[in-house]
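> What follows is each chain in one-letter form.
Protein chains: 2
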Amino acid sequence: MNFCSNCGQTVAFKKPPGDDRSRYCCESCGVVHYQNPRLVVGCIPEASDRILLCRRAINPCYGKWTLPAGFLENGETVAAGAKRETDEEAHARVDIIAPYALYNICYVNQIYLMFRARLKDHNFHAGRESLEVKLFRENDIPWEEIAFRVINATLLQYFADRRTGRFSFYTGNILKPNPDSPKAGIEN
Amino acid sequence: MNFCSNCGQTVAFKKPPGDDRSRYCCESCGVVHYQNPRLVVGCIPEASDRILLCRRAINPCYGKWTLPAGFLENGETVAAGAKRETDEEAHARVDIIAPYALYNICYVNQIYLMFRARLKDHNFHAGRESLEVKLFRENDIPWEEIAFRVINATLLQYFADRRTGRFSFYTGNILKPNPDSPKAGIEN
Numbered sequence: 001m002n003f004c005s006n007c008g009q010t011v012a013f014k015k016p017p018g019d020d021r022s023r024y025c026c027e028s029c030g031v032v033h034y035q036n037p038r039l040v041v042g043c044i045p046e047a048s049d050r051i052l053l054c055r056r057a058i059n060p061c062y063g064k065w066t067l068p069a070g071f072l073e074n075g076e077t078v079a080a081g082a083k084r085e086t087d088e089e090a091h092a093r094v095d096i097i098a099p100y101a102l103y104n105i106c107y108v109n110q111i112y113l114m115f116r117a118r119l120k121d122h123n124f125h126a127g128r129e130s131l132e133v134k135l136f137r138e139n140d141i142p143w144e145e146i147a148f149r150v151i152n153a154t155l156l157q158y159f160a161d162r163r164t165g166r167f168s169f170y171t172g173n174i175l176k177p178n179p180d181s182p183k184a185g186i187e188n
Numbered sequence: 001m002n003f004c005s006n007c008g009q010t011v012a013f014k015k016p017p018g019d020d021r022s023r024y025c026c027e028s029c030g031v032v033h034y035q036n037p038r039l040v041v042g043c044i045p046e047a048s049d050r051i052l053l054c055r056r057a058i059n060p061c062y063g064k065w066t067l068p069a070g071f072l073e074n075g076e077t078v079a080a081g082a083k084r085e086t087d088e089e090a091h092a093r094v095d096i097i098a099p100y101a102l103y104n105i106c107y108v109n110q111i112y113l114m115f116r117a118r119l120k121d122h123n124f125h126a127g128r129e130s131l132e133v134k135l136f137r138e139n140d141i142p143w144e145e146i147a148f149r150v151i152n153a154t155l156l157q158y159f160a161d162r163r164t165g166r167f168s169f170y171t172g173n174i175l176k177p178n179p180d181s182p183k184a185g186i187e188n
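Protein chains in written order, with the working numbering: chain V, 1 to 188; chain H, 1 to 188.
Just chain V, same shape as in the assembly (with noise of 0.2 Å):
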């Protein structure tokens, strides 16, 4: 941020009086400009003994597979967000069963909240983003291929869940990855 959104004018970061944080405040027209981390919403759509993936058609990690999710709109609710990601990215319908799992990005100032969905039927294809959409077993997730390291760990707990058939709400935390320790950084 270089210049005021109100007044466009420059902004200076520093401490509004009585915060005790920084801010881009606006120098001209007294304007603080706050910014807060965004919810992802998406879900993993089953059918019977198979989850729905798509296969990324964009950066970052074109061409891995992930689960559908994006950037919750103004005006939505979480749960109409994650059925509208799963309409863009897989032209699929989707009833929202419950809130599953919420990861804590912090590093990239990211919540994810993933649900639990049920595919409505099968005439899925491929959306604008993905390159193909396709159903999976468990035995048949590209495991090596995951795009993010948050729906591994979604796709992960939803599996252990499976086998016991009990479906809990989580929350976790993914952390900053160390070059050191790829496979680190998963706090649940």
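Be aware that a few hints might be false.
It does not matter which identical chain is used: a pair holds within one copy or between any two.
Heads up, simulated EDC-like pairs for lysine to aspartate or glutamate below, C-alpha to C-alpha not over 20 Å straight-line [claimed, not checked]:
#1 Lys15 <-> Glu129
#2 Lys15 <-> Asp49
#3 Lys15 <-> Glu73
#4 Lys14 <-> Glu73
#5 Lys64 <-> Asp140
#6 Lys14 <-> Glu27
Hints in this document: simulated from the structure, not taken from any laboratory.
Since chain V is already given, all that's left is putting chain H on it; use the hints.
For chain H alone, coordinates are given in the frame of chain V:
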């Protein structure tokens, strides 16, 4: 938003190419300024059969009672944000027990995430945004003096669950107030 925060030139509210909704787009440097809902995090601080409420020293709802809650900050986990807000508003330290309820307040682009929490000690006192901070038994809750409908909904659910001893994770929607029916507008 009137000006581009990147280059300081004017913005137009229009659909970017390939998008399906209007955004603030800079006509000079081309940056699209996405705007997304903000997450409010807070908790229900428990001390045996009582819970802690704060009487607001600021508007909106000056003088009304609320649970400690506020906007999640960049770089913060949702649980850390709920603890920080409790410390700021009530100078109270809590252990987070579990996520408890998520409410969509779409008409103001806010998502509330409330936790259950355990008060660690009784050394609390009003923070700068509170007039007073007090422990209440269910029978003493000032129901007619609760600041926000989302707090009212959280407390009603909480006391209903406490009677059964079974706590789950809830989602609900706080709808735009209807002047003809001010008490309505909460969907579970």
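> Would you mind marking each hint as holding or not holding in the structure?
Here is how each hint holds up against the structure:
1. When the C-alpha separation of Lys15 and Glu129 is checked against a cutoff of 20 Å, the pair qualifies only between copies, where the shortest distance is 18 Å, while the shortest distance within a copy is 40 Å.
2. Taking CA atoms no more than 20 Å apart as the test, Lys15 paired with Asp49 passes in neither setting, with 53 Å inside one copy and 40 Å between copies.
3. Proximity of Lys15 to Glu73 under the C-alpha cut-off of 20 Å is restricted to the inter-copy arrangement: shortest distance 14 Å between copies versus 29 Å within a copy.
4. With identical chains, the CA atoms of Lys14 and Glu73 are at most 20 Å apart between copies only, with a shortest distance of 16 Å across copies and 29 Å within one.
5. Within a single copy, Lys64 and Asp140 get their C-alpha atoms as close as 14 Å, which meets the 20 Å cut-off; across copies the closest is 55 Å, which misses it.
6. When the C-alpha separation of Lys14 and Glu27 is checked against a cutoff of 20 Å, the pair qualifies only within one copy, where the shortest distance is 10 Å, while the shortest distance between copies is 29 Å.
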